[in-house]
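Chemist: Dock chain one against chain two, each of which comes alone in its own frame, and use the hints as you go.
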Amino acid sequence: MKTEAYNETAASEIIARFDARPELLLQVLRAFIERFGWISEDAIRFLSARLNLSRAEVHGVVSYYHDFRTTPPGRHIVKICQAESCQAMGSRELSAHAVKTLGVEMHSGNRDVTLEPVYCLGNCACSPAVMVDDKTYGRVSTAQFDAIVAAFEGSR
Amino acid sequence: MARTKIYVPRETAAVSVGADDVAIAIARKAKESGENIELIRNGSWGATWLEPLVEVLVDDKRIAYGNVEPADVPGMFDAGLLDGGDHSRRLGPILEVPYLINQDRWTFWRCGLIDPLSMDDFRVHQGFKAFEKAVEMGADAVIETVKTSGLRGRGGAGFPAGIKWQTVADAEGAQKYVALNADEGDSGTFSDRILMEGDPLGLIEGMMLAGYAVGANRGYIYLRSEYPLARSILTRAIELARDNDWLGNDIQGSGFDFDIELHIGAGSYVCGEETAMLESLEGRPGIVRYKPPLPAIKGLFGKPTVVNNVVTIASVANIINLGGEKYASFGVGRSKGTLAFQLAGNIKRGGLVEKAFGITVRELIDDWGGGTASGRPVKAVQVGGPLGAYLSANQLDTPLDYEAFTEIGAMIGHGGIVVFDDTANMAHQARFAMEFCAIESCGKCTPCRIGSTRGVEVIDRMIAGLERDKNYELLIELCDTMEDASLCAMGGMTPYPVRSILKYFAEDFVSARSGP
Chain W
1 MKTEAYNETA ASEIIARFDA RPELLLQVLR AFIERFGWIS EDAIRFLSAR
51 LNLSRAEVHG VVSYYHDFRT TPPGRHIVKI CQAESCQAMG SRELSAHAVK
101 TLGVEMHSGN RDVTLEPVYC LGNCACSPAV MVDDKTYGRV STAQFDAIVA
151 AFEGSR
Chain G
1 MARTKIYVPR ETAAVSVGAD DVAIAIARKA KESGENIELI RNGSWGATWL
51 EPLVEVLVDD KRIAYGNVEP ADVPGMFDAG LLDGGDHSRR LGPILEVPYL
101 INQDRWTFWR CGLIDPLSMD DFRVHQGFKA FEKAVEMGAD AVIETVKTSG
151 LRGRGGAGFP AGIKWQTVAD AEGAQKYVAL NADEGDSGTF SDRILMEGDP
201 LGLIEGMMLA GYAVGANRGY IYLRSEYPLA RSILTRAIEL ARDNDWLGND
251 IQGSGFDFDI ELHIGAGSYV CGEETAMLES LEGRPGIVRY KPPLPAIKGL
301 FGKPTVVNNV VTIASVANII NLGGEKYASF GVGRSKGTLA FQLAGNIKRG
351 GLVEKAFGIT VRELIDDWGG GTASGRPVKA VQVGGPLGAY LSANQLDTPL
401 DYEAFTEIGA MIGHGGIVVF DDTANMAHQA RFAMEFCAIE SCGKCTPCRI
451 GSTRGVEVID RMIAGLERDK NYELLIELCD TMEDASLCAM GGMTPYPVRS
501 ILKYFAEDFV SARSGP
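Going down the list, the sequences are from chains W and G.
Residue numbers for the first sequence follow the working numbering, so the first one is 1 and each next one is one higher.
Residue numbers for the second sequence follow the working numbering, so the first one is 1 and each next one is one higher.
If we strip away everything but chain G, and leave its shape as in the complex, we get (with noise of 0.2 angstroms):
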């Protein structure tokens, strides 16, 4: 008789709430029950609200259970889980669930879906596909499909990806990298985390591409070290990889050489920063570079290097499989494509959202997000990570553009959305803006070191009613000097959140004095 195969999600968020103990759970009384069964720990779908998320697998359909913790395992196994049976616990078919249908999952398509570290599994969902068109159609095409696609990039600057790799490509010398960016530092944001655990393997053949169109032989994965798992399940895939000729010398017979090293972060936000990153891959304090030169002329070791975000790296693939065009046909304006938006902070169903640009905020609040996890109004709405604007709740119709953001002097950044219900300080968000960027600063320019330690004088000044007039004006003006001379977007930005404080929520200055 054939096994049974059962889903459960080997992925930090699900972990991080009993998802081994369940599948322990489940082998166990698997064991005692006599029942074949293969346990297979997959990525997530992204449902994060639904975590531990357990799916059985039933004729061609895999039935889900959501939030399922060991207590209730005995009592699934009594109600005929093997067969999908009915149970508290039960969604029914996983493509049905609300939260995942009316995605546009192009990127995030495999996680969940796979065993992540299952070469085959890799193979039968279009694993290297891509790459052996790549191979067929040559770097100059890969590189004019990227630039038909629109791809911009993923990690908050969003600039173009395929001009990046033309510059790269066209760049002179001999040695060339590809160094991706793994070091999602933002508040809000888990994607990269998300793709990296569910989908390795896809991230190699993406990073292959980038190594294939600009003429690199070496990848680079800078990886945070708040990662401990994403850096197990790639150290394995990089493996894997290898042990299958899909990495190293001659891949395939195609006569591309690739091979990527890991490189684990050691806690410093400002490193997910490009030239910072760089600085810390060669073994020095992350402290940014000035620019120019660009890494793409200038960049790790002094060579051209790509330097890509996961998600934007990932994208690639399907846009080599099924054209620059078809990306291209997502999204609004010059925002083309999708973006993976991850509802964070006080919402009811968190999770990572895949959807094409031009999607409102409030859509993906109330549609998949349910709302607040406390039931009370939305207050605050912060997006694109420390260095985002907090939209009020008057602005949450704005469609997810990049340039709609910029027109309200908010971005997008790397997509994260984290919610405050009406129990929030603004002021106290005001003033951890600058002391985050007080802590992180690399020091390097004074707007950022001093700036930041001065703004949380200024404002806590505010708070305690000092002269609040006088040092509003003053706050205005350290923002100005921070954003306009600031080296990289770390003091640059920091500003954002704080000025849209100042303007939405200036009241809170006030009652912050009596807050916790």
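Just chain W, same shape as in the assembly (with noise of 0.2 angstroms):
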């Protein structure tokens, strides 16, 4: 995912797009997340300078949600749905597989890809199912799982 590093001219962009309205702090952190991928705590500063917001409050949304990281995610972001359906269709072994095959455990990663468990992608009538960045995959094989990997490490 094409992301830039955190500065606060686009960060009063996003904040300027949402108005400044303290109750969308959920919607500002989506955006910067799209934009800078992460959130440091330079972002949570000034957030909560700008709308209005104790940092405690900030911070307390930032580390509720799982969606929002505070660590540099990355160049590629696989998530493999860990939940039911796709447990039905082999996605332990294929987490197993994963963890192998990209040398990185869940919820860790190195510069080129972080690894997360996601509770449900919706595509459960094609278990296992597999997200990219914004992409989901379904059926997925061990052999599939391989060649979707080939292909964003062909695209470095």
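In short, the hints are calculated from the structure, not lab data.
This structure is a prediction, so every number in the text was calculated from the model and none was measured.
Possibly wrong hints are sitting among the right ones.
[As the list claims (entries may be wrong)] Cut-off 30 angstroms, straight-line C-alpha distance, at most; resulting in silico cross-link-like pairs (DSSO-like, lysine-lysine): (1) Lys79/W x Lys348/G; (2) Lys135/W x Lys100/W; (3) Lys503/G x Lys348/G; (4) Lys291/G x Lys444/G; (5) Lys5/G x Lys29/G; (6) Lys326/G x Lys129/G; (7) Lys29/G x Lys135/W; (8) Lys31/G x Lys61/G; (9) Lys348/G x Lys61/G; (10) Lys129/G x Lys147/G; (11) Lys444/G x Lys79/W; (12) Lys135/W x Lys5/G; (13) Lys291/G x Lys303/G; (14) Lys348/G x Lys135/W; (15) Lys5/G x Lys61/G; (16) Lys61/G x Lys129/G; (17) Lys31/G x Lys135/W; (18) Lys100/W x Lys2/W.
[What the hints assert, rightly or not] Cβ-Cβ distance ranges computed for the label pairs, FRET-style: (19) Phe18/W x Thr406/G: 41 to 47 angstroms; (20) Arg242/G x Arg55/W: 34 to 40 angstroms; (21) Glu13/W x Gly443/G: 32 to 38 angstroms; (22) Asn110/W x Asp243/G: 43 to 49 angstroms.
We put the beta carbon where it would ideally sit given N, CA and C, even for glycine.
Modeler: Structure representation (structure tokens):
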């Protein structure tokens, strides 16, 4: 995913887009994630000042939601569904395969890739399902997983 | 010469198995062969196992081709695709595909049929007719009609929609809201998504009806972040409705003002619980609220709020069009109307089947689903998402009816049906139920926050063979505590799957030790 380094010009732009409405904090954070990839301490400080919220309030929201990561992700984010429908179709084995192939543990990553669990992509008639960045894949065998990974490795 | 219409779904499941690539291949091949085609990106009919599904309009019939791969496309053109020519992928007219006949398509009838982002197509297919009729009937009559229909909340709780609407309509206050729950987090469910991607304008009409009935001028959609395609389709549909005077002030000169704001969640399962969702919509952590006060009295920003699931809201337009009695004529007992059942997990023909209540689990799995994908025997079926009980193979003749499910300690929930074959180890599934609760608990109440973690530990000891009988008793006691004392369904219903496994699959705790 293409992201840029956190900067206050872009942050201000985003906040202005949401009229600095404090109740839109989640939506602002989402826009931050889409633009910068993660939420830094600087971002939290800036947001709390601009939205007139305490840092604790912003931190509370950031730390509550799975999507708001506070460390920079790899260039690609691979999410493997771990919920029941995918379990019934071998997601545990697929996850073990992914850990081995990508060389990273669940919930961790390197510069190229971050591997995360996800609990349902709503693609349960095509289990097991995987999401790479914003694209969902269905009926993912281990061979197909390798092909998906090879495709994004090739695009580097 | 008129352009031949070709339909390729732009819907998450179809795209996840290559529909975009198929669409590109068709466009390229048509260009090369100098054929004049119009490529329409429709929603999904719900026969997900046939995706990518391609249809060609020949005379008045849409001829379907299933499981199309990009490599099939040149051959299909050679075989006369544009005239519905014969090919190994050809299924025949879409409305004669067995999976799609014998359904009761009340809510999903436009899904697959129309171009979801064409106002003209929507209008030709009854679009906004219910709203126009509602304005003639008046708000009270709309609520009465919904009451007559017996429609209950399709998000899982099954609360009568008409009574909820009446409560909001009667509540004091000038400002009221409609909050649409599109945080479809249950594994095995995707009906909200299919509707949002296949008939987004129909959903908007449903929200307008709710707003009109209760006197709300503002609607919010809370959509989960795992649905990026639904987000983009809904965003466009809202713009389209605004541009055509179907959202905004004085809609079509009716004097009714209504607009919709789309909010995206952030990966929290418990935000599908209505009060957690309201907290999240207000920009806070999704921590559940005490009830009462009910959201209908004191909901979003403290104002009276209708909180409804996507399928509930989308069912109302046809209830207005065809009458509450007509809807109530479907179903059994107090489970009136239809539900979009979703066949998932280890199933040969997964997808969405909208049927009247009363059909059995076995009929859905065998007649529509064709048994397991692996071809092995069905061992267990989880109905109603991660908080739903696992049914054993002996319980599959239970009719899908809210009350019948309550009787066997199970629930229909949002209609997800997840099939497991005989290779599944159910002790691992019991552990997962507790683990999932520990991961997703909002943390407000102790039974859920602590109980789920203790539950994982106790199950681990049972699997390891440590004092299995003593730990069995302990686990039952823990389930009692969670069920009786949790604040919401997250902690309160996590025991459902666990108990069902203890009851029907206890032997798996012994075999789990050597399992994966």
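Chemist: Could you tell me which of the hints above the structure violates, numbers in ascending order?
Modeler: none
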